Each structure stands twice: as structure tokens, then as C-alpha cells.
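J.: Chains as they are written, first to last, in this note's numbering: chain A, 1 to 254; chain B, 1 to 254; chain C, 1 to 254; chain D, 1 to 254; chain E, 1 to 254.
The hints are simulated quantities; they were obtained by calculation from the structure and are not laboratory data.
Keep in mind it's a predicted model, so treat the numbers as computed, not measured.
Careful: at least some of the hints might be erroneous.
Any copy, or any two copies together, can satisfy a pair, since identical chains are not distinguished.
[Said to hold, decoys possible] Derived pair list, reagent style EDC-like, types lysine to aspartate or glutamate, alpha-carbon separation capped at 16 angstroms: (1) LYS249 x GLU141; (2) LYS216 x GLU84; (3) LYS253 x ASP151; (4) LYS220 x GLU141; (5) LYS216 x GLU140; (6) LYS216 x GLU141; (7) LYS220 x GLU101; (8) LYS220 x ASP109; (9) LYS249 x GLU83; (10) LYS253 x GLU141; (11) LYS220 x GLU140; (12) LYS253 x GLU140; (13) LYS216 x GLU178; (14) LYS137 x GLU246; (15) LYS65 x GLU227; (16) LYS65 x ASP252; (17) LYS114 x GLU246; (18) LYS137 x GLU103.
Chain by chain, the residues:
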Amino acid sequence: MQKIIDPFILFGLIIGISSIVVGNIVEGGTTAHILQLAAALIVFGGTFGATVVSFPIKDLINALKSLKIAFFESTKSNRLLIEEIINLLVIARKRGIMALENEIPSISDPLLAKGVQLIVDGYEINVIKEAIYREIKNYEESIKNASKVFDAAGGFAPTIGIIGAVLGLIHVLQNVTEPSKVGQGIAVAFVATIYGVGSANLIFIPIAKRILQKSKNEIKRKLLIMEGINGIEKGINPHYLRVILESFKNGDKI
Amino acid sequence: MQKIIDPFILFGLIIGISSIVVGNIVEGGTTAHILQLAAALIVFGGTFGATVVSFPIKDLINALKSLKIAFFESTKSNRLLIEEIINLLVIARKRGIMALENEIPSISDPLLAKGVQLIVDGYEINVIKEAIYREIKNYEESIKNASKVFDAAGGFAPTIGIIGAVLGLIHVLQNVTEPSKVGQGIAVAFVATIYGVGSANLIFIPIAKRILQKSKNEIKRKLLIMEGINGIEKGINPHYLRVILESFKNGDKI
Amino acid sequence: MQKIIDPFILFGLIIGISSIVVGNIVEGGTTAHILQLAAALIVFGGTFGATVVSFPIKDLINALKSLKIAFFESTKSNRLLIEEIINLLVIARKRGIMALENEIPSISDPLLAKGVQLIVDGYEINVIKEAIYREIKNYEESIKNASKVFDAAGGFAPTIGIIGAVLGLIHVLQNVTEPSKVGQGIAVAFVATIYGVGSANLIFIPIAKRILQKSKNEIKRKLLIMEGINGIEKGINPHYLRVILESFKNGDKI
Amino acid sequence: MQKIIDPFILFGLIIGISSIVVGNIVEGGTTAHILQLAAALIVFGGTFGATVVSFPIKDLINALKSLKIAFFESTKSNRLLIEEIINLLVIARKRGIMALENEIPSISDPLLAKGVQLIVDGYEINVIKEAIYREIKNYEESIKNASKVFDAAGGFAPTIGIIGAVLGLIHVLQNVTEPSKVGQGIAVAFVATIYGVGSANLIFIPIAKRILQKSKNEIKRKLLIMEGINGIEKGINPHYLRVILESFKNGDKI
Amino acid sequence: MQKIIDPFILFGLIIGISSIVVGNIVEGGTTAHILQLAAALIVFGGTFGATVVSFPIKDLINALKSLKIAFFESTKSNRLLIEEIINLLVIARKRGIMALENEIPSISDPLLAKGVQLIVDGYEINVIKEAIYREIKNYEESIKNASKVFDAAGGFAPTIGIIGAVLGLIHVLQNVTEPSKVGQGIAVAFVATIYGVGSANLIFIPIAKRILQKSKNEIKRKLLIMEGINGIEKGINPHYLRVILESFKNGDKI
């Protein structure tokens, strides 16, 4: 399961953040204007706290782990997987179910290996399919929860940015009698808004979406494996099985 | 059913709230600036009233009770539960269904005990499954309603915060001819916004999410019990049942 | 079907509205500041108009009628209903289906009476269940539509409040050369915001939620009756039927 | 299929719009203040353009046609329809399916006529039901799309109103050195907000909701017809069919 | 599969954008006021970056390809397709399944050709239907993802517009002591809001909606083909098949 880094997420993050920074400079601002400790503390501390309260620790850890789905590209090939499944089916039809036992160590995918093990162990196909299907559903739910963590952070950040902005405005208005401080103070207050809206829209929400979208292929791959295990156990015609398995990747062109 | 306090919710609440307070001090404000009786009365009184109108009293009581789901960690182990169910199945297969009657008092989970009691009483498995399933659905709906109560409070608080802010601004503008009062007054008015947005995003909405997320494990546990009761009644192969029950906890790793 | 007034909705409405009024006084405002004819006309007239356009007259009338669900507490007992159904089942098993005819006038619930009448008339159980189920669905849809009416009003009120505020600001800015009028005028303009946000969040949206939540028990009760009618027609074991019917109210404790 | 105009939508539109106009006059404004060409051009032109891009031309035409659902009241009676169906069933049972052929020209509803024609033509009931059901689904989807058109316009109008307001503010600020123009200019800018929020909340969104709500009865009527055609083809007991068909209109009282 | 350009999307885009430009001129502004490099860099660069992070590269490419669905009109006729399917069915009934082989090269639709090929190859109808159905689902999901890309861009643009506006305001307030610069600076800041709200509401969101709406006909066409392949394989009565296939296009009139 080697992984290579996904260049497009890096490209997207760099384009997004540098557009803001460069745009600000073009407009005549300086980067120093948008670096401010108090605003960062309020927005990121508050968002972190709200997110920790919102999810059990297991979901938070899963969310961190799911970053590898966002940042890395799977090198798994569905084409090779279909060949592997068809090959297992042919072995089972020629030499019997038991002959699959020797193949298990060399199976590339752990879910496929598990399914073949259950076939060899003589479990009923309905028991096997139920167990595999529930594992896929558990995986899907874990990914959805991981995505929800970043989505929640993306929902909290802008509203907590408003808290930072309003606190800044209160501070400014306490000193309203010194006009020279007002403009400066409001500027500082607005930085919290930028931190909140920016972190949500350039980082948290996009990552939540990316995790969900990229996991869809993995889930489709697992469903393909379940269909393959079903075909192997039933010893169906390999041509039939190939038509079914290949339909998992056809038709997605526009 | 001993419970231990869940340290992460306390950690999250402290980090979230103290980030706001410390950020405000770093910015040069004082905590006194953000304590104000009228704003608290409007925001928390209004939110409380709107929430009480929104739900029947039974749901409000359930919501308070559900805080123990948010604040405590269950010590229940699914691994031990599976052993217990397999053990009951083995007894039923060796010594007959009636032998389960003696085991009921020592069963650790009330739903499992109830299901075994119904088996011993000779009810049809479909009647038992229907009754257990409906109890699980009722539990799930109660949790969802409890979560909705905090979610509703989290929806009302910021908008009622706007009422507080606007009332403050009206008051300020009545006295607009005294410029020294304006800044001070607007500051006071903004505190209502902070109370509304802050209580919603640091407390109400995160707790609503946490209750829902943490209940998912409990519901999965109850569904596992239903599957186990089904297996016991039918006297299926214990190895088969173990594969099915263990699939409830597999596959959730990312 | 006697009804007693539900004290909690009155409690909630009083707490919500008086928090705003008292909070305003604590802040130094007067109630007179927040009473204004033009704002009331715009917000409540506009919201009323938009709501009338949004729904057929039948739905609007149903919405008004559904207020009795929000404001009154049902005295119906599910425990007594289960006894009544079990009793009818026992009569049918002892003395035959036809013996139920004499019982119909004394049946407490009209839906149960209707179902028993259909049994006595000799209709097939599938016809009876389909007819009863469709009536329940119709009831559920009527309640949902009634709730949607208040929800729509709660959606229109704050945005029409914005129209009122903007109209006020335009008026103010026409007279911007007279500074003394500006503060006063803006204050008046803001009252429309308070009317819009307040009526939506303290009255319309909470009532929409309450109607929906309280109807859930009524729908569960009707489904229980359908299950009971099914049991009576089939003459199933009364113990079985009791287990099934009681599962409708178990499991909702947290 | 005579139609009479539905007085309540006219009533709602008049109440909604005149509340805004009269409220503005009570507040001391004049109607001339809220009539402005540039704002109208931006808001209504922009909303129209965005809506035309959002939907295929067929959906836009359907949306215009669906206004007759919003503005007219159907005079169709479900009671008469049930009598007509029962009558057709009685004829088919007494004189055979073929006797229905003579009745087709006098059938009041085209969908019912079509179904009876298919029965007479000897199609299998499953083919007939599938064809009728798909027609009902197509109708339902067309209505939903028509409602979505107005809903989309109601979503675009307020945000394009913001564009109008911001363009106005830019224009004002270009001339900020002439204070007398500022107030006037801002007022003009705000008119775009009123056009956007007002047209969305008083016209577009309410009409989208009304179309959807009013079509529900038509869809229920078509489902009733499908059930009736099924009953006629199968020649079921007319009393049974009446119980089933009448359940389509029972139970919707609160 | 010739395509002709769809004139209505061009009409909509031109009307929408020119309404804003002309409205601005009518109000007394100039187009130069709303052209600004820094705002464009922040809004479009930030939106592009956030969108690239949100989706795997395959979805982004699909989104660009799906623009041809939005901008071109299909010339495919469902009426001709039904004739073609009926014709294939008649050949299969008269001369046997194998006679279809010679027809495949002249079949107008690739999905229909594929299905007929699978029939000729002797696959079971359930295998064929499963494979075809999964291809249709894959196509539907690809379109939904493409639509989501534009929808996400339409969600990011206005919020990133806020970042641009706030950065502009900070810059202005740094120079608040030079009143002549204030108005000009705020005006520049507001342009970012117009770019964000305008690009979202006049381009991104409408295109997302249009792609989804226009794909519905294509999906319905593919389902019609699946039904046709089923009919051909089973050799059902051509009159029956015609009734079923024609129901896919009936009933969508309002």
C-alpha cells in the first residue's frame, strides 16, 4: 500500500493562501498587518476547543489519520485487483476452494485476503457477505466522521472569528476618545475575521470535502472486492464476474 | 455500568473558553468588559424561553439526562459482551434453551437479559426481534431529540444575541448627543453578540454534536445484542456468530 | 379526549419575552422605545402576507388548529389503550370476531373503533391495514404542513425585518443634515429588526418545533393502534401482542 | 378542468406588499424614495439572468405554466372521482372488461381514461401500473423543478441586491467629499437591498412553496386513480375498493 | 452525438452580467470603478485554490468537461431511440437473438450497443442489468460531483470576497488620518465583495444547477435504454415495451 504525495492539494493550498497574501501586498498592505497574536489565540484556540468538545477522542484521532487520505495518492490499481480476483476464481474452479488457502499470503488487499480466508474456513456466503459489508459500512462511517470533524472546525472558525472581531471593537470603543487609536484598533479587530473566514474556507472545509470525495473510490474498491468474494465462493463463470467487476469503473466519464 | 468522567470534554471546554478570555487580555481588554448583567439576561433568558417552547417537557428532561453521555465515558467493553453472548449460545446448544433461565440474573446488560428472558418465555424470534428493534429505535430517537434540544439552543442564542445588540444600540443612539457615552454604550451592546455566538459555538452546538456522536457506539452495541439474541434463539454455529458480531467493531480504522 | 393546558409553553413564552423586556430595562432602555407602529405594520403585515401566499388556505387553517397540539397536553394514556386492545383481542378469541360489534360504541379511540368496524365488516386485513396506514400518513403530513407554516413565518419575519430596518435607514438618511434626528431615527429603524428576529425566535420557530415534536407521540400511538388491529384480526396470542405493543413505549429512557 | 382564481394568493400578495408601502408612509417616507431604476435593473436583471442560466429552457417554461397552479383553484372533486371509478368497476364486473370501451369518451380525467384504455387493450396490470406510476413521477418531478425555479430566483435576488447596494456605496464613496450627497446616495443604494429581499420573501419564495404544496393534492389524486385502475383491472370487491380510495382523503384533519 | 450550442445559457449570462454593468452606469458609476487587480487576485485566486483542495483532480477535470453539458444542447431524440429499440426487439423475435449481432455496428447509442453485445454474448439478463445499472449510477455520480465542484466554488467565492473586503478595510484604516483616502479605499475594498457575490450568483451556482438539471434527461434516457435492453432480451410483446418506454417521456407536462 505504497502512497505517493498528492501534488494537487499542495498546489491548491499554496495558490489559495498566496493569492490572499499577494493580493494584500498589491493592494498596498503589508503581511505584518495580518499577523496578530491575540486574534490567532482567540480564533484557533476557540475553534480547537469547540471541535474537541464536539467529537469523542476516537473521532478526533481518526480525523488526523484521515489527513493521509487528503494528502497522499493511492497507487492501488482496480485493474490489477480485478485480475487478481479473476485469477483466484479460476484457481477455485479448477482446483477447488481449498486450493485458495495457499494463495492467501500473496493476496495484495487485506479485505480480499480476509474474505478468501472466510471462504476457506467454510463459512456460509451470507455470513461472509454480512461481515464484509458491515466492515465496509464501518469504514464509510469512520471517514464520514473524520470529514465531519474538519467540517465542524470550518463551521466554528468564522463565528469564533466574529467573537474576536467584536472583542476587538469593544476594546477600540473603550478608547474612542483617542481618535488615532481607532483606525489601528479596528484593523487589528478585523484580523480575527480574516483568520476565521480564511482558515475555514481555504483549509478546513476544502479538506473535509477532499477526504469525503477521495474515500468514495476506496469504498467503491471495497464493494468491488465484496462482489468478487461473492463470485469466488459461488464459482460463477469468470466472464460473468469480469463484466460485473468492470462495471464498477465504467460509466464515470462525462 | 460504572462511568468515568470523560477528560476530553473538560479539556475542550477549558481550552475554548480560556482562549477567548486570554485572547481578550492579550489584546489589552479586561474580563470585566465582557461581564454584563443585561446582556446575560437577554441572551440566556431568551434562549432558555425559546428552547422551552420548542420542546415538550419530556424532551427537555431527556436532554439534561443526556449530558451524562457527553460528560462520562462508558466502561462497557464490546469484547466482553461478545464473549458473554457466545457463552450463552454455547449453554443453549449444550443444555437447551431452558438452561438460560438460570443465567439471566448474572447477565451484564439489561437489553440482553430482556431478550434472553423473552427466548426462555418461548416467544417467536420475530416477535422478540421486533420488540428489541423498536426499543433500539426509541432509544435512538430519544438521543436525537436530546441532541436537537442543544442544537436548537445553539440556533437561538446568536439570533437572540442580535436582539440584545440592537437593543443596546437603540439605547446608545437615544443618547447620541453625549459622545463620551457612545463608545462605552456600543461596547456594552456588543457583549450580547459575544454571549450569543460564544455560548452557541463553544457550548451548545459542540455538546449537541458530542451527544449524537457518542450515542452511535451505544446504538451499535444494542444492534450487536439484537444480532446476538437472534443467534442464541436460532442456535447457530458459535464460530459463525462470532464472525458476525466481530464485524460490528471491525473496519472502523482509517 | 379531554385536554389540559400545557403549562410549559406558557412558562417558555413568558420567560423568553420577559427576558428581553426586563433586560432592556436593566440596560437603561424603556419599553416605549421598542413599541413602534410602522415597524409592526411592516414586519407582521409582510410576514402574514408572505405566509398566506406560501400555503393553500387548507394548510393555513390546519396550522391554526394545530396550535391546540402546542398549547394543550393530551390526557390519553398508552397503558390504558394497550389494555383496551388486549381486552378486544381476548373477546374476539373467546367469542368470535362478530362479538366485537357490541364493543365498538364503547371504544375510546376513533381510529381503533374504525379498525374494529372494518374487521367486523369482514374486510381483508391487508385492505384494513392499507386504509389505516394511509390515514396515519395523511395525519402525519397534515402536521408537517402545519409546522411548516410556522417555520415559514419564522423564516420570513427576520428578512422582512431587514426591509423595515433599511426603509428606516433610508428615511433617516434623507434627513441626515439634521444630526439630532439621526440617532433617534436609526433607533426607530432597528425596532423592525427586533420585531423580525424576536417574533421568529421566541414564537414562530419554537412553535413549529413544538408541534412537530408533540405530534410524534400521537403518531406512535396511531401506529400502536394499527399493530393492535392487526393482532386482533389475526387472533394472535395476547401475550405476544402485549410484548409488541409495549415495545412502542419502552427504550425511550436515556 | 374548469379553474377558478384562488382569492387567497391575491389577498396574500396585496397584504404583503401594501404592508411595506403603508409602513413606509407611516414612518414618514414616500413611495418615490423606494422607486429607483438602476436598483431595479441590477436586481431584477441579474436575478433573471442567473435564473435563466440555472435551468434548461423547458424547466423555465414549465415554471411559468405552473403559475396557474399557484393562482387558480382546481374544481376537481375527489368524491365524484371515487364514484366514477366505483361505477367503472361495477360495469366491468357486470358486463366484462370490454364493456368499458364505450365508457372511455365520457371519463372525466385523462389519466383515468388512459388507464382504462390500457385495460381494454389487454395490457398486463403490471405494465399498466408501471406506465401510470412513471407518468405520475414525471409529473411530480416537473412540479418540483418548476418550484425550484422560483426558489432559485428567491435565492439569487437578495444576494444580487447586495451587489446593487455595494455598487451604490462605491458610487457614494467616490463623492464622499460632498457630504450633502452621502445620505441621499446611501439611501438610493439601500433600495437595491429592499428590492432583493422584498421580491424574494414576498413573491418568489412564497410562490415556490405554494406550487409545491398545491401540487401535493394533484399527486395524491393521481395515485388514487392508479389504485382505482388496479382495482378495476382486478375486479375486486367494490366495497373494498371504496375503503381503499376513501383512505386517500381521510385522516388529514388535525 | 452532434451538439448544437445552447443559446439560453449565453442569453442568461449576458443578461445577468450586463444588468449589473448597465445598472452601475445608470447609477452614475463607471465600469473602471469595478475593475481592480488586487480584488480579482484575492477572490478568484483564493476561490480557485479552495476548490482545487476540495476535490480530487479527476473530479476537477470532469467538472471542466461537464461544461459541455451546460453549454451545448443534445440533439438526441428519445422518439427515434424508442423506434430503434422496438426495431431491435422485432428482429430478435423474428430471427433470433443472434441476428442482433449484425445490427450492433449501426446502433446509434454506445450504451444500447453494449447491452445488445452482452445479450448476443449470452450473458444472463441479471448480469447485464446489474452492469448497465452500475454504469448509469457511475455516470450520475460523476455528474453530481462535477456539479458539486461549481457549487463549492460558488460557496467559497462570497466568503473569500469578505476576506478581500476586510483586507481592504484594514488598509484603509491604517491611513484613516488622511480622510481623502478613506472613501476611495473603502470603495476599492467593496469591489472584492462584488467579485465574490457576483461570480457565485451569476456564474458558479447557476452553472452547477444547470449541469444537474440537464443531466436528468440524459439519465432518464439511459434508464430507458436499460428497460429496452431488458425487453429485447426477454422478447416481450413489442406493444407492451412501447407503452413502458413511452411512459419515460409522458406526464412531464404541467
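J.: Any hints from earlier that this structure breaks? Give me their numbers in increasing order, please.
T.: When the structure is compared with the hints, numbers 2, 3, 7, 13, 15 and 18 turn out to be violated.
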